[in-house]
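With the sequences and hints as input, model every part of the structure.
Taken in sequence, the protein lines are chains A and B. Heads up, the final residue of the first sequence is numbered 519 in our numbering, and it's a clean run with no missing numbers. Heads up, the final residue of the second sequence is numbered 519 in our numbering, and it's a clean run with no missing numbers.
Careful, some of the hints might be misleading.
Said to hold, decoys possible - The calculated lysine to any residue pairs, modelled on SDA-like cross-linking and capped at a C-alpha distance of 20 Å, are:
| hint | chain 1 | residue 1 | chain 2 | residue 2 |
| --- | --- | --- | --- | --- |
| 1 | B | 153 | A | 501 |
| 2 | A | 484 | B | 362 |
| 3 | B | 484 | A | 363 |
Claimed, not checked - Restraint ranges, calculated between C-beta atoms of paired labels, are given here:
| hint | chain 1 | residue 1 | chain 2 | residue 2 | range |
| --- | --- | --- | --- | --- | --- |
| 4 | B | 266 | A | 435 | 32 to 42 Å |
| 5 | B | 76 | A | 226 | 51 to 61 Å |
| 6 | B | 201 | A | 155 | 36 to 46 Å |
| 7 | B | 435 | A | 435 | 16 to 26 Å |
| 8 | B | 435 | A | 302 | 37 to 47 Å |
| 9 | A | 250 | B | 256 | 55 to 65 Å |
| 10 | A | 294 | B | 501 | 48 to 58 Å |
| 11 | A | 427 | B | 57 | 34 to 44 Å |
| 12 | B | 383 | A | 422 | 34 to 44 Å |
| 13 | A | 422 | B | 148 | 22 to 32 Å |
| 14 | A | 161 | B | 286 | 50 to 60 Å |
| 15 | B | 187 | A | 123 | 49 to 59 Å |
| 16 | B | 187 | A | 435 | 48 to 58 Å |
| 17 | B | 76 | A | 155 | 56 to 66 Å |
Claimed, not checked - Sample of chain A residues at the chain B side, in silico, Cβ under 7 Å:
| hint | residue |
| --- | --- |
| 18 | 110 |
| 19 | 127 |
| 20 | 471 |
Keep in mind that the hints were calculated from the coordinates and are not lab data. Don't be surprised by glycine CBs; every beta carbon is placed ideally from N, CA and C.
Residue-level listing of the chains:
Number of protein chains: 2
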Amino acid sequence: MSREVDVAIIGAGSAGLFALSQVRRKTDNYVLIEGGELGTTCARVGCMPSKVMIQVADDYHRRSIFEREGIDGADELGLDKPAIMEHVQDLRDVFVDKTLGVTDALDETHLIHGYASFVDGRTIEVNGEHYKARSIVIATGTVPIIPEAWQSFKDDIITTDEFFELEDLPASVAVIGLGSIGLEIGQALSRLGIDVTGVDLLENVAKLNDPVVNKLAVETISREFPLWLGEAAQLEKTAEGIRVSSGDKAVVVDKVLASLGRRPNFDQLGLENAALELDKNGVPQFNPETMQCGSTSIYIAGDVNMDRPLLHEAGHEGRVAGYNAVRQSGVAFRRKTGLAITFCDPNVATVGTQLGQLDESKIAIAEMQFGPVGRALIIGKNRGVLRVYVNKSDGMVLGAAMACVKGEHLAHLLAWSIQQGMTVFDMLKMPFYHPVIEEALQGALYGVLSELDTKQELVELEML
Amino acid sequence: MSREVDVAIIGAGSAGLFALSQVRRKTDNYVLIEGGELGTTCARVGCMPSKVMIQVADDYHRRSIFEREGIDGADELGLDKPAIMEHVQDLRDVFVDKTLGVTDALDETHLIHGYASFVDGRTIEVNGEHYKARSIVIATGTVPIIPEAWQSFKDDIITTDEFFELEDLPASVAVIGLGSIGLEIGQALSRLGIDVTGVDLLENVAKLNDPVVNKLAVETISREFPLWLGEAAQLEKTAEGIRVSSGDKAVVVDKVLASLGRRPNFDQLGLENAALELDKNGVPQFNPETMQCGSTSIYIAGDVNMDRPLLHEAGHEGRVAGYNAVRQSGVAFRRKTGLAITFCDPNVATVGTQLGQLDESKIAIAEMQFGPVGRALIIGKNRGVLRVYVNKSDGMVLGAAMACVKGEHLAHLLAWSIQQGMTVFDMLKMPFYHPVIEEALQGALYGVLSELDTKQELVELEML
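Right, here's the structure in full:
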């Protein structure tokens with residue numbers, strides 16, 4: 056049996072659903088195919104449940120400032136861990152339900168449950184049925200990476216795909232991999248009284264590229280739980296639990312949280328039949344402004360393409376892929392300025408071009424240490440640093456990295472400014488209220504003026 | 056005795072100090088004159104100590120979410136009110152000390168302690184000495200308003216000028232005047248267990264002009280303590296305390312916090328000798344882009360001119376006044392987009408042009424109710440609303456009002472966008488991370504697209 060459709064979207068996660076929103080505007084002859092559970096990675100096991108757990112952990116951790124503030128009884132606070140997990144799961148279910156609204160409304164001619172595999176570049180098979188599609192959108196997402204060597208420890212290893220299903224929390228955890236997810240969950244668990252050890256092969260956390268920001272982030276977070284950086288983790292089964300070692304350090308823990316990243320979910324896709332050119336990681340080559348794979352009628356969007364595994368980028372890519380797929384077109388849309396936030400405390404965020412991609416002789420760095428920042432002092436979180444990379448010749452703001460309180464908001468201001476091509480002078484003309492964390496950015500920008508190759512008179516005028 | 060100077064700055068508060076920073080770049084022949092205590096209104100009795108008290112109150116109030124989150128023992132928390140006031144005063148002293156850095160470094164030929172009064176438009180007298188100045192900057196700030204009729208209750212009335220000096224907090228307070236300060240302090244006191252009643256002659260709080268936002272703010276804040284709106288407060292001394300009535304409602308309280316606004320501090324200035332044109336409130340007429348009073352050599356900056364009594368505007372005005380005063384010039388600097396934030400919970404903020412100044416037939420309102428906003432749900436603060444005023448014909452964003460969690464940050468993004476003349480389409484191209492409160496703005500903007508007089512095809516393309 057064979058059916059002809061205008062567009063087949065493989066994967067009903069965030070990217071697939073955003074693609075669908077565009078496709079439906081132009082045609083009713085489409086299929087959305089999902090082999091796994093419905094509900095997005097973000098809502099089920101990603102952004103959302105992690106933020107709920109972080110919120111609880113941060114609220115509990117806040118007691119550490121109570122004595123200074125004149126609030127008594129911090130020591131009387133305790134945790135009901137099963138209740139915390141239930142709260143996390145309750146809210147997660149709310150968020151998952153929201154994402155299900157779209158698929159719930161689709162009938163069986165539009166939503167196909169089953170794993171899709173390519174027969175050829177225009178045909179896919181699902182549950183024994185062939186779908187010949189004018190365009191195909193690959194949006195199959197990713198799965199957590201677990202090294203081959205760790206297969207024998209499988210029962211002791213949790214990934215974030217299972218983590219939020221736990222009914223209680225283990226007493227001790229080694230978090231292996233200190234990217235955003237590892238850092239977020241590791242700190243949250245530590246704040247919830249779990250004995251946490253963080254391990255990463257790299258010296259930098261949350262993919263930070265700026266040594267000053269990385270140093271501050273590592274030092275600050277290390278005050279709460281140990282971060283073992285720069286050597287690979289080795290696992291070993293013992294009678295007491297699982298022994299995690301890194302160089303000359305070792306700890307025995309109940310569970311290992313594997314947060315080593317995620318790989319594209321191509322497992323049952325038969326990608327080899329699609330006649331696509333693959334990159335060295337086995338991902339189809341595609342144009343990031345059109346989402347089109349070469350000059351084929353196949354588009355690829357979301358985490359699966361390994362380019363920008365972030366919800367807001369998956370949304371953008373899904374829309375672009377859907378827009379082009381339903382038109383069989385290759386309309387290019389400008390990408391958004393890079394923005395990545397790790398919701399640990401201090402927030403770690405990067406915006407625009409990072410230090411490693413810049414010629415340091417051509418830039419000036421606007422830096423603000425948060426020690427004297429008024430609002431940060433009031434909040435009691437004035438260990439932080441913001442670094443903004445500025446083109447010396449014309450004052451253009453190119454990128455930024457930060458580890459600081461409310462970094463998530465500073466990062467938005469900076470990302471919007473950079474995307475608009477603003478200079479330091481442009482930014483200083485904007486209002487900075489008082490007393491707000493945004494003033495740290497203002498201070499950093501004022502501080503860098505004298506390092507720019509701009510006429511001093513002009514600088515003085517602008518410094519108003 | 057008489058001395059000739061290039062610039063005389065009257066008032067060593069925020070505006071005066073910012074003026075000084077400009078003046079000193081061009082001349083050493085200046086005087087800074089201060090009759091009262093050194094240290095700015097902001098640091099001594101304004102923005103800073105209020106934010107410290109709000110921070111403590113919010114941290115304590117957060118216990119109301121603990122049970123839902125699985126944190127036990129919220130009922131065991133208590134308050135040590137004298138310790139809270141000591142904490143407020145400790146941090147306030149840090150902030151005041153910072154502002155004193157500048158004046159501490161001035162010798163007695165530059166910093167004059169005493170009250171200045173105009174002899175004529177170019178001459179002022181301080182402590183019997185005459186200063187003939189090429190330019191004069193008036194930056195004398197404001198003092199709290201207390202109605203004449205209340206003079207007999209003086210012992211029971213506190214203003215914010217005295218409030219942060221208290222060593223303990225009264226058991227009950229009526230807050231009269233629900234502008235920013237009244238709302239902030241009223242809610243903070245209520246959260247600190249004080250029996251608070253808020254009263255205002257107006258129906259709207261925090262100078263809100265948008266009825267939808269005002270309604271939400273009033274309803275939400277009223278859940279914590281009563282707000283009596285729309286009728287003037289009457290005071291009466293009784294044996295039990297001071298009786299505050301408003302219409303048919305009355306309460307007896309220990310203290311009244313008078314937060315009715317502030318008036319220009321002209322008391323000893325002899326303004327009548329300066330030959331300035333005054334407006335109907337007795338404030339010298341001035342050009343808000345040059346800060347110059349008519350074509351005189353007198354400039355007026357900061358709260359005293361009653362235009363924009365906000366620290367960041369006082370800073371800007373001080374710089375402009377100082378820049379022009381030292382040059383005897385009238386260089387015009389563009390004003391910043393209006394931005395006002397009340398740090399209550401939910402944050403109340405207004406940006407740009409407000410509803411009352413707009414022709415409602417020509418605008419579309421991008422509105423987002425915070426109920427389903429993911430991050431707001433996670434924080435447990437999803438009672439909120441954001442309203443953005445958009446020009447129907449071209450999608451230009453003109454202004455906004457909001458009462459919502461993290462409104463202080465949304466307000467900055469909006470203010471910067473408006474100042475740059477961005478349209479809804481421009482803003483939607485910017486990155487909105489996930490899950491962040493900024494997504495509420497994104498949702499509001501998407502929602503308004505269909506109401507704009509723009510070609511549908513373009514809208515669809517932009518809606519990507």
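We went through each hint and held it up to the structure:
{"no.": "1", "hint": "153/B x 501/A", "in the structure": "holds (18 Å)"}
{"no.": "2", "hint": "484/A x 362/B", "in the structure": "holds (19 Å)"}
{"no.": "3", "hint": "484/B x 363/A", "in the structure": "holds (17 Å)"}
{"no.": "4", "hint": "266/B x 435/A: 32 to 42 Å", "in the structure": "holds (37 Å)"}
{"no.": "5", "hint": "76/B x 226/A: 51 to 61 Å", "in the structure": "holds (57 Å)"}
{"no.": "6", "hint": "201/B x 155/A: 36 to 46 Å", "in the structure": "violated (59 Å)"}
{"no.": "7", "hint": "435/B x 435/A: 16 to 26 Å", "in the structure": "holds (21 Å)"}
{"no.": "8", "hint": "435/B x 302/A: 37 to 47 Å", "in the structure": "holds (42 Å)"}
{"no.": "9", "hint": "250/A x 256/B: 55 to 65 Å", "in the structure": "holds (58 Å)"}
{"no.": "10", "hint": "294/A x 501/B: 48 to 58 Å", "in the structure": "holds (57 Å)"}
{"no.": "11", "hint": "427/A x 57/B: 34 to 44 Å", "in the structure": "holds (41 Å)"}
{"no.": "12", "hint": "383/B x 422/A: 34 to 44 Å", "in the structure": "holds (37 Å)"}
{"no.": "13", "hint": "422/A x 148/B: 22 to 32 Å", "in the structure": "holds (27 Å)"}
{"no.": "14", "hint": "161/A x 286/B: 50 to 60 Å", "in the structure": "holds (56 Å)"}
{"no.": "15", "hint": "187/B x 123/A: 49 to 59 Å", "in the structure": "holds (52 Å)"}
{"no.": "16", "hint": "187/B x 435/A: 48 to 58 Å", "in the structure": "holds (50 Å)"}
{"no.": "17", "hint": "76/B x 155/A: 56 to 66 Å", "in the structure": "holds (58 Å)"}
{"no.": "18", "hint": "110", "in the structure": "holds (5 Å)"}
{"no.": "19", "hint": "127", "in the structure": "holds (4 Å)"}
{"no.": "20", "hint": "471", "in the structure": "holds (5 Å)"}
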